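Enquirer: Going from the sequence shown to my numbering is simple: count from 1 and add 2.
None of these hints come from the bench; they were simulated from the model. There could be a bad hint or two in this list.
Claimed, not checked - In silico lysine-lysine, DSS-like type, Cα no more than 25 Å apart, as pairs:
1) Lys151 x Lys91
2) Lys91 x Lys66
3) Lys91 x Lys67
4) Lys445 x Lys581
5) Lys151 x Lys67
6) Lys381 x Lys361
7) Lys42 x Lys67
8) Lys42 x Lys66
Unchecked claim - The calculated label-pair distances, taken between Cβ atoms and stated as ranges, are:
9) Gly359 x Asn544: 42 to 52 Å
10) Asp815 x Asn544: 23 to 33 Å
11) Asp148 x Ile86: 39 to 49 Å
12) Asn113 x Arg147: 34 to 44 Å
13) Val664 x Arg399: 27 to 37 Å
Predicted model, so just to flag it, every value in this text is computed and none were measured. C-beta: ideal position from N, C-alpha, C; glycine also.
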Amino acid sequence: MSTTILRASRRSYVPAVLACLAGTAFSTSIFAPDAYAGPKGTRVSRGWANVQRDGATTIIRTGKKTILDHESFDIGLNETVQFIQPNAKSRVLNRITGAAPTNIEGTILANGRVYIVNPAGVYFGDGAVVNAAQVYAGAATITDRDFMKGRNHFTDVRGAIVNEGMITADAVHLIGQSVANHGVIVTDQGVVSMQVGDDVYLRERGRQVSARITGAGNAAGGPGTIENTGVITAPGGFISLGAGDALSVAVRNTGSISAAEGRVELHTAGAVDNAGMIDAGAGTGHAGRIDINAGSIRNTGIIAAEAHDGQAGWVSLAAADDINLDGGRVSASGGVGDANGGTVLIRAGGNAVLAEGAKLDVSGGDEGGQGGFLDLSGKRSVTPLGAMDAGAVEGERVGTILLDPDFWFIGDVDGVNEISVATIEATPGTVLLEATFDIRVLKDINKTNGGLHLTAGRDIFLGMPGLGDLSITADDLVFTAFRSIIDHTMNGTALMSAVGDIILTATNGNVDFGTASVPDLKTVSITQRDGMRVGANWSILNPERTRLDLNVTQGGIVFEEQFGVDNTVQYYSIDATSKKTLEIRDNIVLGAFGEFKSFADVKVDGSVSAPDHILMHSGLDGSGNVTFQSTGLTIASDDITLMAGLPGIQGDSSYVNAQLNVPTFTGPGGTGNPTSFAIRHDVDIVNGLLPLPGQFGDGDPNCINYLGESFEGNVQVTNGAAFEQTYLTLRSASAGTPGDSARTFVNDDLDLKTLTIDGLGTLGADIVTSGFQQFNGSTLLSADVELTGAEITFADELNATTPGAQSLTINADLAATFEDGVGVASELESLTFNSATGTLHLDGGAVNTSGDQTYNGAVRLGRNNALTSSHGGDLSFGGPVDGTFDLDLLTTESGLIVFAGPVGATDRLRDLTMCTTGADGMRPIPDRATIIGRGDDVEFHVRDFVMCQNEKLTAADGNLLIDASRDAFLGDLSSASDMTVSAQTITLQLRDAFEVLGGDGSVLPDAGLDFVAGGAMHWDGVLVNAGSPGAPVALWGNPDGMATGTALTGVGIVAMEVPDATTTLLAGASPDVVLDM
């Protein structure tokens, strides 16, 4: 055994150390005897290495990155070279500096990545076995700098790489002026690349590799090639065969290239010739992808990405010149199982030839699965002589076949740019023929196994002048011409769809045909540039079950006088759009709906009936009117919309005139009212353009969902009878344009089912609804208004036009809601809410009036609220008040605060503040109550209970309960019966003595703050004196002024004075006060 340690020289002292190890001074090369296997003349350029030789076996231990220069690296039959590396990512570069090619007949083993570079070439013989983490074999060199930086940059590529042995690795890369595999290369979910060029730069990204290749690719002065006659297998991996930019480099495969569920790429500027197998299929699951890009492509073998259960893959063949499919098959089919067909793209810059015996297949599986997509295209010509299949078993969707040359002739024979009717009819799936210029259909077609789609860069010609009639039948027909579809037959071509739609498009011309027929409820769609006269030049065989879509991009549409049939269903539906005026000159009876749209005017001179809906829409670009041209017309449908202009397009004045010539608007069949009726246009919605009540089928608009909308203006209601008992929506321009000042003005009383006003509103008349009223924009009152309905909601602020001049009364059966402030910008004169069982929701934060606010029903707070009367109005609550928010009540000294129901009994309020002080916060001592509670029990359940200074609260009819979970600030209290006060702290707002107005009108002396109850008193909390400095102590008593109960105890330094002038100052530990008078 011989052992040699080699290290790279880094400083001047290293060669001396290596010389001592080698026994030769200042030498870094070790020459092993010829009897040993493996490399000869080895020298370390970078890193370190330990070489052990034992007969036919050489073991080389290296570091993570090691560069070894060898004079030769040949391995004979039955010889082994093993690299032992730190891990699978460790790299060793074996650079051969001798003039002879490297010849490997034996075995290479490595647990890491092994590079063998020899510009003279590398040959793996038929006895060679290579097993490593990754293998790079290049007839090239790599610089030390590139290798140490991890760059796989192969330069000075001169020789050939040939493999006749067995190479197994996670990645195998072969780089040369020519590369050939006649053996076996195996990776499992790895990468195999074979690259030809003068300069090759490889970059790996995950399981894929990209190559930048330059140079002519000439081996020994001859043409460069990439050839596979053996087996390349990379299941789930990536296989790349690539050549440089020279036309002389060819890629030939007569062997097997397989990346099951993976990806295969062949790239060259030269020719690709496949007579073997290229496969990326899958047994179960999703098949892979095959991409071949070349100067020209020839196939007589199999190129397939098939799946037997799941989804077939992708096959793309693209050539700058010709693609000749001279035999074999190209397939992304579903195979024998249940799988969807995939995609096959054959795209030639020159001629695309599918020869007899060759097959293209994207069919679904034998047991199920949809057909895929097939594209056979040639820039100069397409010759489809072989078989094509995009079919599917019964019940599954068939696929599509696209054929694309400059011209197509559809006739008796197949040839250059000719396809026979027999080929079309025999090809399963949708056949899509595309031509750069014209397509001519010369013979009848009866295709029962898929659709027929024709796309021409100029015209589609149906028949020839002088020939007989023509019939075209398929599952569906889609004809698209850049110019026109021209019918040369004498009686017109018959177009028939057995399953789907007929779609005809002439982008810059006209559509011409004889008759069209589709199954029930399918569509005949016609799009053309020039004007169309419907009923004059073609017909639909079963119109009563056909949807007719018409689109004229530059001209107008006229429904001719002969279009209609007396009082029968002519079409199931019509959807018509024209650039210029659309005219209806005949009565039209439809089975479902009719939509008549124009960028200009819509002129109606015939009755239209459709059970579902009718839309007449002018001014699609903002300018055009809807008008009725004669009397006696009827528009009958469940849903009728008359529309002129578009929202968002400013400066136009399109309109609908629904009074001109007095058309009648009815429900389906010409009786009753429509369920929905809408007029939407640019100008103001005014009664002069709306239907009169007698223009509806029932003689009035009763129960119609009625919409009046102005895109650019106001809505003016001056005749409420026009909307009587409708479900009415009024929408001005401000609804869709923030900042717009347009409004809905209600200036006549309305009696409706429901009302919705979108945008700004001004109410100047009373409104009654049996259902809801919804005001979705800022609202003004221009007069005293009464609103009566089930639910009434203001979603935005409500104000008076003139501050303090307009009042609002709301009568709500179920609820009323203010979602924003009331009278904040301009206060109302008064507000009244009446409801026996409903609730007023105060969610807006503030209600401001100059006069009274009367809440005759339940009130619920949805946020903190302040209710203010600026000129002495009363704030009166006739029902319960609830909600976990603050409530501030403010009026002036001439106003009252009145409660006739409990406060916070269901949901405790937070802070309740009551003041009759006015805005300045000051008021004199009153001679009577300022806050009044009515009813048997007056209850307050709050967090803080606050009476402003000098306020007097009287429960005139019964008990008084003040339940504050935190603090109570009290003025004078009196109750006809019991009095209970409970708070953590009870602050007595002491005041000066004054006088009291007696029940008989007499004036009585008053000794200061007092608490008077006709029944028992219970006080719970710590008493604190506050209020006016020097004011007398508080008094507790009964209405007669005589103490009848026990003395006041446990109240600290609080004085109690009774009318007999007896004053008792008591102290005690208990915070409770129990006083029975």
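Enquirer: With a cut-off of 25 Å on the C-alpha distance, tell me whether Lys381 and Lys361 pass.
Expert: 21 Å, holds
Enquirer: So if I understand the rule, the pair passes when the alpha-carbon distance is 25 Å or less; does Lys42 with Lys66 pass?
Expert: At roughly 22 Å apart (the allowed maximum being 25 Å), Lys66 and Lys42 satisfy the hint.
Enquirer: Measuring from beta carbon to beta carbon, are Val664 and Arg399 in 27 to 37 Å?
Expert: With Cβ atoms ~52 Å apart, the hint is violated.
Enquirer: Please work out if Lys445 and Lys581 have their alpha carbons no farther apart than 25 Å.
Expert: 35 Å, violated
Enquirer: Would you check the hint for Lys91 and Lys66, treating anything up to 25 Å between C-alpha atoms as holding?
Expert: 8 Å, holds
Enquirer: Would the pair Lys151 and Lys67 pass a check requiring their Cα atoms to be no farther apart than 25 Å?
Expert: 10 Å, holds
Enquirer: For Lys42 and Lys67, compute the direct alpha-carbon distance and say whether it is at most 25 Å.
Expert: Since the Cα atoms of Lys42 and Lys67 sit roughly 20 Å apart, the hinted pair holds (cutoff 25 Å).
Enquirer: Just tell me: holds or violated, for the beta carbon distance of Gly359 and Asn544 against 42 to 52 Å?
Expert: 43 Å, holds
Enquirer: Measure nothing beyond the straight line between the CA atoms of Lys91 and Lys67; if it is 25 Å or shorter, mark the hint as holding.
Expert: Holds, at roughly 9 Å.
Enquirer: Quick check: does the Cβ-Cβ distance between Asp815 and Asn544 fall within 23 to 33 Å?
Expert: 53 Å, violated
Enquirer: For Asp148 and Ile86, compare the CB-CB distance with the range 39 to 49 Å and indicate the outcome.
Expert: 25 Å, violated
Enquirer: For the pair supplied as a hint, Lys151 and Lys91, is the alpha-carbon distance within the 25 Å limit?
Expert: Status holds; Cα separation ~14 Å.
The earlier numbered hints that this structure contradicts are 4, 10, 11, 12, 13.
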